[in-house]
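Please model the complete structure; the sequences and the hints are all you need to start from.
First to last, the sequence lines map onto chains A and B.
Residue numbers for the first sequence follow the numbering used here, beginning at 1 and rising by one.
Residue numbers for the second sequence follow the numbering used here, beginning at 1 and rising by one.
Errors might be hidden in some of the hints.
The list cannot tell twin chains apart, which means a pair is met if one copy fits it or any two copies do.
Derived DSBU-like pairs (lysine-lysine); straight-line CA-CA distance at most 30 angstroms [unchecked claim]: (1) Lys47 x Lys169; (2) Lys2 x Lys38; (3) Lys213 x Lys173; (4) Lys202 x Lys173.
To be clear, the hints were calculated from the coordinates, so they are not data collected in a lab.
Here is how the chains run, residue by residue.
There are 2 protein chains.
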Amino acid sequence: MKKYFSVLRECALFCDIADEDLLRMLSCLGARVESFDKKYTIFAEGKPVRHIGIVLSGSAQAVQLDYYGNRSIVMGIGVGEVFGEAFACAEVPAIPVSIVANEPCEVMLIDCGHILHTCANHCSFHHQMIYNMMRDLAMKNLRFHHRVEITSKRSTRDKLLAYLLMFAKETGKDSFDIPFDRQELADFLEVDRSGLSAEIGKMKKEGLIECNKNHFVLL
Amino acid sequence: MKKYFSVLRECALFCDIADEDLLRMLSCLGARVESFDKKYTIFAEGKPVRHIGIVLSGSAQAVQLDYYGNRSIVMGIGVGEVFGEAFACAEVPAIPVSIVANEPCEVMLIDCGHILHTCANHCSFHHQMIYNMMRDLAMKNLRFHHRVEITSKRSTRDKLLAYLLMFAKETGKDSFDIPFDRQELADFLEVDRSGLSAEIGKMKKEGLIECNKNHFVLL
DNA sequence: AGAAATCGGTTGAATTTTCAACAAAAGGAG
DNA sequence: CTCCTTTTGTTGAAAATTCAACCGATTTCT
Numbered sequence: 001m002k003k004y005f006s007v008l009r010e011c012a013l014f015c016d017i018a019d020e021d022l023l024r025m026l027s028c029l030g031a032r033v034e035s036f037d038k039k040y041t042i043f044a045e046g047k048p049v050r051h052i053g054i055v056l057s058g059s060a061q062a063v064q065l066d067y068y069g070n071r072s073i074v075m076g077i078g079v080g081e082v083f084g085e086a087f088a089c090a091e092v093p094a095i096p097v098s099i100v101a102n103e104p105c106e107v108m109l110i111d112c113g114h115i116l117h118t119c120a121n122h123c124s125f126h127h128q129m130i131y132n133m134m135r136d137l138a139m140k141n142l143r144f145h146h147r148v149e150i151t152s153k154r155s156t157r158d159k160l161l162a163y164l165l166m167f168a169k170e171t172g173k174d175s176f177d178i179p180f181d182r183q184e185l186a187d188f189l190e191v192d193r194s195g196l197s198a199e200i201g202k203m204k205k206e207g208l209i210e211c212n213k214n215h216f217v218l219l
Numbered sequence: 001m002k003k004y005f006s007v008l009r010e011c012a013l014f015c016d017i018a019d020e021d022l023l024r025m026l027s028c029l030g031a032r033v034e035s036f037d038k039k040y041t042i043f044a045e046g047k048p049v050r051h052i053g054i055v056l057s058g059s060a061q062a063v064q065l066d067y068y069g070n071r072s073i074v075m076g077i078g079v080g081e082v083f084g085e086a087f088a089c090a091e092v093p094a095i096p097v098s099i100v101a102n103e104p105c106e107v108m109l110i111d112c113g114h115i116l117h118t119c120a121n122h123c124s125f126h127h128q129m130i131y132n133m134m135r136d137l138a139m140k141n142l143r144f145h146h147r148v149e150i151t152s153k154r155s156t157r158d159k160l161l162a163y164l165l166m167f168a169k170e171t172g173k174d175s176f177d178i179p180f181d182r183q184e185l186a187d188f189l190e191v192d193r194s195g196l197s198a199e200i201g202k203m204k205k206e207g208l209i210e211c212n213k214n215h216f217v218l219l
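Pasting the structure below:
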C-alpha cells in the first residue's frame with residue numbers, strides 16, 4: 001500500500017491524516033486496490049454502490065447514456081480524485097451515471113459504511129474522514145456549478161470559451177492540455193462533435209486560440 | 001424560534017436532533033431569522049459567504065447571469081431546504097451564483113463556522129451536524145446529476161420531457177404543479193422561452209401532456 | 001511492416017433553435 | 001372597475017446546431 005501514499009496524501013479524503021496513521025486506517029477500512037482496463041465499467045448506471053473509489057493511476061469518467069445512445073460526460077476523474085462518494089453517502093438505490101475507466105487504471109475501493117460508521121475498534125479517524133468527506137462533497141458541488149456555467153451557454157463557441165477560460169483560471173496558465181479528445185470534449189460540452197471541430201477551426205483563424213490536438217492556448 | 005420547529009424538523013441539517021436540544025443549539029449557533037422581499041438578492045454572485053441559509057417560508061432560487069444578461073436558474077430552493085452550504089463549506093472566495101428570493105420569504109441564517117467547528121461550550125451536536133451536512137451535500141450532488149440528465153438533452157422537447165418525468169418520479173404522481181413560470185422553466189432548461197411555449201403547445205396537441213399554467217399532467 | 005481501427009476535420013442539407021416583435025390573457029394596484 | 005404591468009402564446013426570419021457521410025492522418029495491434 002505504501003507505494004500509493006504519495007497519491008493518497010493529495011486526496012481530499014485523507015487530508016490532515018498523518019502518514020503513520022494511514023496504513024492502519026486503510027487496513028481497518030478494508031481498502032483494496034483493483035486494476036481496470038481501458039473502457040471497463042467500474043460502477044454501472046442503475047445499480048447501487050456501497051463503495052467509493054479513489055483513482056491511484058490513470059483516469060476515469062462519469063458518463064451518462066440516454067435513450068438514443070447519446071453520451072454525455074458528467075465529469076473527468078483524475079489521479080487522487082474520489083468517485084461514487086455522493087451516491088454511497090446518499091445511499092441511492094440506483095446511481096444515475098456509469099463510472100468508466102478512460103485508460104488502464106488502478107483504483108482504491110473502500111466500503112463507504114466503514115468510513116462513516118464507527119467500527120468495533122473505535123478508531124479515532126472517523127470524525128476526521130467524515131469532515132473530509134463533507135469538504136470533498138462541497139468541492140464536487142462547486143464543480144457542478146462550474147459545469148452548469150459552461151453548459152448553460154447557448155452556442156458551441158461560448159461553451160468552449162467558458163470551458164477553456166475555466167481551465168485557464170484553475171491552472172493559472174493560458175496554455176494547457178485538456179483531458180478530452182474531440183468526441184469527449186463534445187460530449188462534455190453537450191454539443192455536436194463536427195460542429196465543435198468547425199468552431200475550433202474558426203476560432204483558430206480568428207486568432208482567438210491556438211489548438212493542436214488536445215493542447216490549447218488562449219490568446 | 002419555536003414556531004419554525006415544524007420546518008426545521010424536516011430540514012436535512014437537523015436530522016436526528018431532538019426537539020429539546022434544538023433550541024439550545026440554535027442559540028449556540030447564533031442562528032437568526034431574516035425576512036426578504038420578492039426579488040431580493042440574499043447572497044450575491046462574486047462575494048464570499050460564511051453563512052448558510054435555511055428557507056423557513058416562501059422560496060428562493062440559485063441564479064446565474066452571464067455576459068449578455070442571460071439568466072440560468074441552477075436550482076429552486078423550497079421550504080426546509082438549505083442553500084449556500086457548499087460555498088461556505090468549501091470556503092470559496094467568490095460564489096458562482098446569486099441566491100434570490102422568489103417570493104417574500106423568511107430565512108434562517110447560521111454562520112457555517114459555528115456548525116463545523118466545536119465551540120467553547122463543547123457542544124456535543126457538532127459531529128451530528130457535520131454528518132448531516134455531509135448527507136445534505138451528497139443529496140445536492142444527486143440533484144446536479146439529475147439536472148445534467150435533463151439539460152444534456154439536445155432538444156427543447158426532450159429537455160421538457162426529461163424534467164417532467166423526473167418530477168413525476170420524485171413526487172410519485174403524474175399530475176403536479178411545477179415551481180416555475182414559463183420564463184423560469186426556460187431558464188432552468190436552458191432553452192428559449194418562446195420556443196418552449198411553442199413546444200408545449202405541440203405536445204398538448206399531440207396528446208402527450210395536459211398543461212394549464214404551471215400545472216402539468218403526463219398522459 | 002501492414003492491416004485495422006480510431007480520430008479529427010470538412011462539407012452540405014435538414015432540422016431546430018434563437019431572436020425580435022406583437023397581441024392576447026391574466027393579475028395587481030389604486 | 002379600470003389602468004397598468006406581467007405573463008404567455010404566436011409568428012416569421014435569421015442563425016446555429018445537428019446529422020450523415022467522407023477522407024486523410026494518426027495510432028494500435030498483430
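Hint by hint, here is what the structure shows:
Taking the shortest Cα distances, Lys47 and Lys169 sit within 30 angstroms of each other only across copies (17 angstroms), while inside one copy they are farther apart (36 angstroms). In the homo-oligomer, the alpha carbons of Lys2 and Lys38 lie at most 30 angstroms apart inside one protomer (25 angstroms), although the nearest pairing across protomers, at 56 angstroms, exceeds that limit. When the C-alpha separation of Lys213 and Lys173 is checked against a cutoff of 30 angstroms, the pair qualifies only within one copy, where the shortest distance is 18 angstroms, while the shortest distance between copies is 48 angstroms. Only within a single protomer do Lys202 and Lys173 lie at most 30 angstroms apart by alpha-carbon distance; the minimum there is 23 angstroms, versus 48 angstroms between protomers.
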